[in-house]
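Asker: Chains A and B, in that order, are what the protein sequence lines are.
Numbering of the first sequence is given in our numbering, commencing with residue 1 and proceeding in unit increments.
Numbering of the second sequence is given in our numbering, commencing with residue 1 and proceeding in unit increments.
Where hints are given, some of them may not hold.
You can't tell identical chains apart in this list, so a pair holds if it fits in one copy or across any two.
[Stated by the list, open to error] Mimicking SDA-like on lysine to any residue, the simulated pairs with C-alpha atoms at most 25 Å apart in a straight line are:
1. K227 / G60
2. K373 / N437
3. K30 / I429
4. K373 / N440
Just so you know, the hints here were simulated from the structure itself, not pulled from any lab data.
Okay, here's what each chain looks like letter by letter:
Number of protein chains: 2
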Amino acid sequence: MAKDQKPRRPRAETPKGFRDYFGPEVTERKAMLDRIAAVYHLHGFEALETSGVETVEALGKFLPDVDRPNAGVFAWQEEAVPGGGSGDWLALRYDLTAPLARVAAQYRNDLPSPYRRYAMGPVWRNEKPGPGRYRQFYQCDADTVGAASVAADAEIIAMLADALEAAGIARGDYLVRVNNRKVLNGVLEAIGIDEGAADKAPQSMLDAVTGARNKHQRDAILRTIDKFDKVGEAGVRELLTTGRTDASGAEIEGVGLDATQAEPVLRFLTSKGADNATTLQNLRAAVGGSAVGAEGVDELAQIAAMLDAMGMGADRVVIDPSVVRGLGYYTGPVFEAELTFEILDEKGRKRQFGSVAGGGRYDDLVERFTGQKVPATGVSIGVDRLLAALREKGLAGAEAQGPVVVTVMDRDRMADYQAMAAELRAAGIRAEVYLGNPKNFGNQLKYADKRASPIAIIQGADEAARGVVQVKDLILGAKISAQASVEEWKSQPAQVEIPCEALVATVREMLAR
Amino acid sequence: MAKDQKPRRPRAETPKGFRDYFGPEVTERKAMLDRIAAVYHLHGFEALETSGVETVEALGKFLPDVDRPNAGVFAWQEEAVPGGGSGDWLALRYDLTAPLARVAAQYRNDLPSPYRRYAMGPVWRNEKPGPGRYRQFYQCDADTVGAASVAADAEIIAMLADALEAAGIARGDYLVRVNNRKVLNGVLEAIGIDEGAADKAPQSMLDAVTGARNKHQRDAILRTIDKFDKVGEAGVRELLTTGRTDASGAEIEGVGLDATQAEPVLRFLTSKGADNATTLQNLRAAVGGSAVGAEGVDELAQIAAMLDAMGMGADRVVIDPSVVRGLGYYTGPVFEAELTFEILDEKGRKRQFGSVAGGGRYDDLVERFTGQKVPATGVSIGVDRLLAALREKGLAGAEAQGPVVVTVMDRDRMADYQAMAAELRAAGIRAEVYLGNPKNFGNQLKYADKRASPIAIIQGADEAARGVVQVKDLILGAKISAQASVEEWKSQPAQVEIPCEALVATVREMLAR
Numbered sequence: 001m002a003k004d005q006k007p008r009r010p011r012a013e014t015p016k017g018f019r020d021y022f023g024p025e026v027t028e029r030k031a032m033l034d035r036i037a038a039v040y041h042l043h044g045f046e047a048l049e050t051s052g053v054e055t056v057e058a059l060g061k062f063l064p065d066v067d068r069p070n071a072g073v074f075a076w077q078e079e080a081v082p083g084g085g086s087g088d089w090l091a092l093r094y095d096l097t098a099p100l101a102r103v104a105a106q107y108r109n110d111l112p113s114p115y116r117r118y119a120m121g122p123v124w125r126n127e128k129p130g131p132g133r134y135r136q137f138y139q140c141d142a143d144t145v146g147a148a149s150v151a152a153d154a155e156i157i158a159m160l161a162d163a164l165e166a167a168g169i170a171r172g173d174y175l176v177r178v179n180n181r182k183v184l185n186g187v188l189e190a191i192g193i194d195e196g197a198a199d200k201a202p203q204s205m206l207d208a209v210t211g212a213r214n215k216h217q218r219d220a221i222l223r224t225i226d227k228f229d230k231v232g233e234a235g236v237r238e239l240l241t242t243g244r245t246d247a248s249g250a251e252i253e254g255v256g257l258d259a260t261q262a263e264p265v266l267r268f269l270t271s272k273g274a275d276n277a278t279t280l281q282n283l284r285a286a287v288g289g290s291a292v293g294a295e296g297v298d299e300l301a302q303i304a305a306m307l308d309a310m311g312m313g314a315d316r317v318v319i320d321p322s323v324v325r326g327l328g329y330y331t332g333p334v335f336e337a338e339l340t341f342e343i344l345d346e347k348g349r350k351r352q353f354g355s356v357a358g359g360g361r362y363d364d365l366v367e368r369f370t371g372q373k374v375p376a377t378g379v380s381i382g383v384d385r386l387l388a389a390l391r392e393k394g395l396a397g398a399e400a401q402g403p404v405v406v407t408v409m410d411r412d413r414m415a416d417y418q419a420m421a422a423e424l425r426a427a428g429i430r431a432e433v434y435l436g437n438p439k440n441f442g443n444q445l446k447y448a449d450k451r452a453s454p455i456a457i458i459q460g461a462d463e464a465a466r467g468v469v470q471v472k473d474l475i476l477g478a479k480i481s482a483q484a485s486v487e488e489w490k491s492q493p494a495q496v497e498i499p500c501e502a503l504v505a506t507v508r509e510m511l512a513r
Numbered sequence: 001m002a003k004d005q006k007p008r009r010p011r012a013e014t015p016k017g018f019r020d021y022f023g024p025e026v027t028e029r030k031a032m033l034d035r036i037a038a039v040y041h042l043h044g045f046e047a048l049e050t051s052g053v054e055t056v057e058a059l060g061k062f063l064p065d066v067d068r069p070n071a072g073v074f075a076w077q078e079e080a081v082p083g084g085g086s087g088d089w090l091a092l093r094y095d096l097t098a099p100l101a102r103v104a105a106q107y108r109n110d111l112p113s114p115y116r117r118y119a120m121g122p123v124w125r126n127e128k129p130g131p132g133r134y135r136q137f138y139q140c141d142a143d144t145v146g147a148a149s150v151a152a153d154a155e156i157i158a159m160l161a162d163a164l165e166a167a168g169i170a171r172g173d174y175l176v177r178v179n180n181r182k183v184l185n186g187v188l189e190a191i192g193i194d195e196g197a198a199d200k201a202p203q204s205m206l207d208a209v210t211g212a213r214n215k216h217q218r219d220a221i222l223r224t225i226d227k228f229d230k231v232g233e234a235g236v237r238e239l240l241t242t243g244r245t246d247a248s249g250a251e252i253e254g255v256g257l258d259a260t261q262a263e264p265v266l267r268f269l270t271s272k273g274a275d276n277a278t279t280l281q282n283l284r285a286a287v288g289g290s291a292v293g294a295e296g297v298d299e300l301a302q303i304a305a306m307l308d309a310m311g312m313g314a315d316r317v318v319i320d321p322s323v324v325r326g327l328g329y330y331t332g333p334v335f336e337a338e339l340t341f342e343i344l345d346e347k348g349r350k351r352q353f354g355s356v357a358g359g360g361r362y363d364d365l366v367e368r369f370t371g372q373k374v375p376a377t378g379v380s381i382g383v384d385r386l387l388a389a390l391r392e393k394g395l396a397g398a399e400a401q402g403p404v405v406v407t408v409m410d411r412d413r414m415a416d417y418q419a420m421a422a423e424l425r426a427a428g429i430r431a432e433v434y435l436g437n438p439k440n441f442g443n444q445l446k447y448a449d450k451r452a453s454p455i456a457i458i459q460g461a462d463e464a465a466r467g468v469v470q471v472k473d474l475i476l477g478a479k480i481s482a483q484a485s486v487e488e489w490k491s492q493p494a495q496v497e498i499p500c501e502a503l504v505a506t507v508r509e510m511l512a513r
C-alpha cells in the first residue's frame, strides 16, 4: 500500500504577544494580589468576578468603525440564530472598569448603593506586542460607585497606601500624590479658556469655532503641563506662549497664550508648598475667581483633612498639582502612587522606579446604559509593575525552594518510597518521589537540582534491611562541591545516615538551617 | 436648531451563557481552590498559568471543518500581516490539558522531567448554554507528564483524596474508585475483539472489515457496561447478547455476542469483591490468558499496594471495575471521585451527590507536536460541582458577614467618622463609612442591612461633645425587632453608648457573640 502522507505537525507555540507563567511567577503574583485583596476587603469592598467575555455593545468604547468592531479588542461574531438575524459581536474585556459599568447598570436595583467592589483578573488588548508588553495582563481595581462625596476618594487614596504596604512596599518607598481636575479647570476658566464650550452642543457657528479652538488649546496646555518635570518652569512658560528651541535645536511651537494667561497656569504648576496647607493656599491664589477652581481646592482641602484623620501623614500622601494623570478623562480628584526608591535603568543610570498605581473620579460610568449620571471613583494597581518593584527590592522572585525528593534506588520498592514521601507530607513538608526512569541515579540528582530541591532521601536495599535512610543536604552539598577538594567531597559531610523513625525530625532540622 | 437624534442606549447585559459572580461567590471558590492548590503544592506540583488565548493550531482537536474552525470554541482570525498572508486563527482554551500539551512540547528541553504541574482557571466552551451550564467555567487540574510508572497514577489518586478532604469533604463522604482500561482491553481480547485491529492501518480489505466491525462492537460493549448500574447483571447479559425489552416495552437490540463471549465481560463487571485483594483475584480470572489484561491487573495491584503504603484505606480509595469514565480516551489507570452522601433531587427523591472529579492515564499529549509519545496522567476536579457539594454540606455559601458600618449623622464630620473606621480597621475589623447621601438616617440602616453588617456605629454632635459613641448590634437588633413589641424595641437593648476609647473593644466583643 502507498504510504500515508503525514500531515504537518502543529507548532507548539504561545500565540504572539502572550506568555506562560511558571511556578513562582504564578504563586508570587497570587500572594501579592491576596494581600491587596485583604486590604480591599477590610475596607468593606466586595469581590466581583465577571467573565472574560462581554458583548461589544456593552464594552462600547471600541466602536469607531462599524465594519471592524475589534480595533483594540479581540472580538468575534456569534453564529447567527436560525431565523433570528445575525449573531451578537462578543469581545474579551480590555479592562475591569467597562464590565463594572455594565454590572452597575444591570444590577442597579439589587446592589447596595454606594457599591464598593474590587476585581482582579486578566484583561486582553489586541495591540502590537512589544518587549515586556503583552496582550493579556492582570489588573487589580477597586471602585466605589454611587458616592458623590470626596470622602469616597479619600478612602480609596488611603486604601491604596495601605495596599502598597500590605504588598510589601515599605513606608518611605512610595508616595501617593493627589490633585483635582477641577483646580486646573478653574485655572483655565480664569484665563478665558472655558471647558464647557467644547463639551456642550454649540448654539451658534461662533460658539462652535470658539469651542473647537478652546478644546485644541486646552489639550495643548495639558500636554505642556505634562512636560514640567522635563523642561522646568521657564521651559513651560516658553511652551505656553511663543515656543521654545529644544536641546537638539528644533523649534517647538508655543500654545499661543499671552504672558497674563500663562502666569496662572505656572502659578498652579508651582504651587506645591512645604505642606498641604501651603499648597492649598497657593492653589487658591492660582484659581483666582473661578467657582469651579475654588470648589476643586475645597475638595482637596476636605481630602487632606480626611487623610489626616485616617492617619495618613505627608510621608504617605501629599497634595501635588503636578499630577496630570488622565486629567482629560477624570472629572474630580485624581491620584497616582509612585515608588520613590531608585533603580538602574537599562543604561545603568539611576532613576526613580515611578508610577505603579493611579485613579480618580469619573462620572460617565453608568450613564451610557441608563442615561443617569452615577458618580464613581476608583483605583487601578499595575500588577506587573508592582511585582517588578517587589522583585527589585528582593521581596519576590527569590529562587523558590523545591520539594524534598525521595530518590528511587530499587524500582520494586516504590511503595516504600511513596510511604516516606507521604510521611513527610503528613508533617507539612513538601515532598515527592522521583517518577522518572530510576536506572541512572545521576539523573535523579540532576532532576533534584532542576527542581531546586533542598534535600534528597536515599534508601537502597542495604539501608532498608538495616532500617536506616540517607538524608542528603543538597544546598550544603552544592556549596561543598563548588568549594571543596575531591577528598573533602568524598567524605560527604552533607549526607547523614539516620534511623527511619528520625526521617521527619532530621529533614525538618535540615530545612530550618 | 434641530434636536440631535439620540443613539439607542447599549444594553447592560451579561452575554448569553455567561454570568457574574458577586462577593462570597468569588471568595468561597477562591478559598476552596487555595486549599486544593496547597495540597497539590505539598505533593511537589508546580503552578502553571497559560493565557486564555491559544492558536487554533495548538488547540488542535477542534478542526473538523476547515471553513469554520470555531465549532466548540470561541475563535477569531488575527488581522493579516501586511504582505505576510492571512493571520493566525486564535481561540479561547476549552480546557487546561490542551495548553499543557503545548507547554510540555514547547519547553520540553527546559522543564524538569517528569513534570508535575497544577493549573486552575477559567475555560471557555462555545456551546448552547442551558440551566446551570455556562460558557465560561473553572477547571482545576493536576498532571504529571513524562512518568511511565503507575506510581504517578497512585500519587495523583492519593492526592485527589487529600485534596477533597482539604476542600472540606469529610472522610466517609467521598470515595475514589480506580479501574484500568487495560483490564477491559484484556477481557475484549480474550473474547476475540482485538482493539489493535481498529487502531492500526489495515493490511488488507479483510482486516479493514474486521477492524470496523470490532470497533463498532467495542463501542457498543462500552455503552452497555455503562448501563450496569441501571439494568443490573441480567440486563447487561441480555444487552450484550440478543437484546432486551425495556420497562416501556421498547425492544433494544443486543450487541450480538454469544453467551461464551458475554460471560467474561460479566465476570469483569461483577468482579468487585469485599476488598481489593478479592477484586484483583476476580479480575485476574476475568482477563483469562490476555497479556494486556494481566498487565492491567498487575498495574492495579501495584497501585493498590502503593495506596496502602500511603495510608489510603478502603474508606477512601477502592479498586472498582465498574468505573467506565472515558475508557475510550484513557490508555491505562482511570479513576473517579464520588461524593457518597445523599441529597434530594429536584423531585425530592434521595440520590447520591455523585462524581466531582476524575482522571487517568493518556499518552497522546505531546505526540501531535513532537512525534514522540510522552506518558502522562492527571486529575481534573469539577470546581462548580465540588463547590455545590460544600454548599450542600453547609461548608460554604453561608450568608457572609458584611463590614461594620460607621453611619454619618453630621455631614461636616466625615473626617471623624473615617477616623473611627480607620481605628477599627487598624484592629483588623472590617469597617466602612456610609458614603451615600446621609440626609435620611433610615436609608443608612437599610444600606447596613443590605450589606449584612453586624454592627452600626452612630455618633451625633451631642455624643461627640460628650466623647461617646453609640454601638448598635444589628444582628441582635433584627431578632428583637422581629419578635419584640414596639415598647420593647424602643428600649433598644441592642444599642449601647460607650466612651470613644472603648470602640474597638466593644465592637470586638459584640462580633465574638
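Asker: The structure should be examined with respect to each hint, and the outcome stated for every one.
Answerer: Against the structure, the hints:
no., hint, in the structure
1, K227 / G60, "neither (32 Å within a copy, 51 Å between copies)"
2, K373 / N437, "between (66 Å within a copy, 15 Å between copies)"
3, K30 / I429, "both (21 Å within a copy, 23 Å between copies)"
4, K373 / N440, "between (71 Å within a copy, 21 Å between copies)"
Taken one by one, the earlier hints fail for this structure only at number 1.
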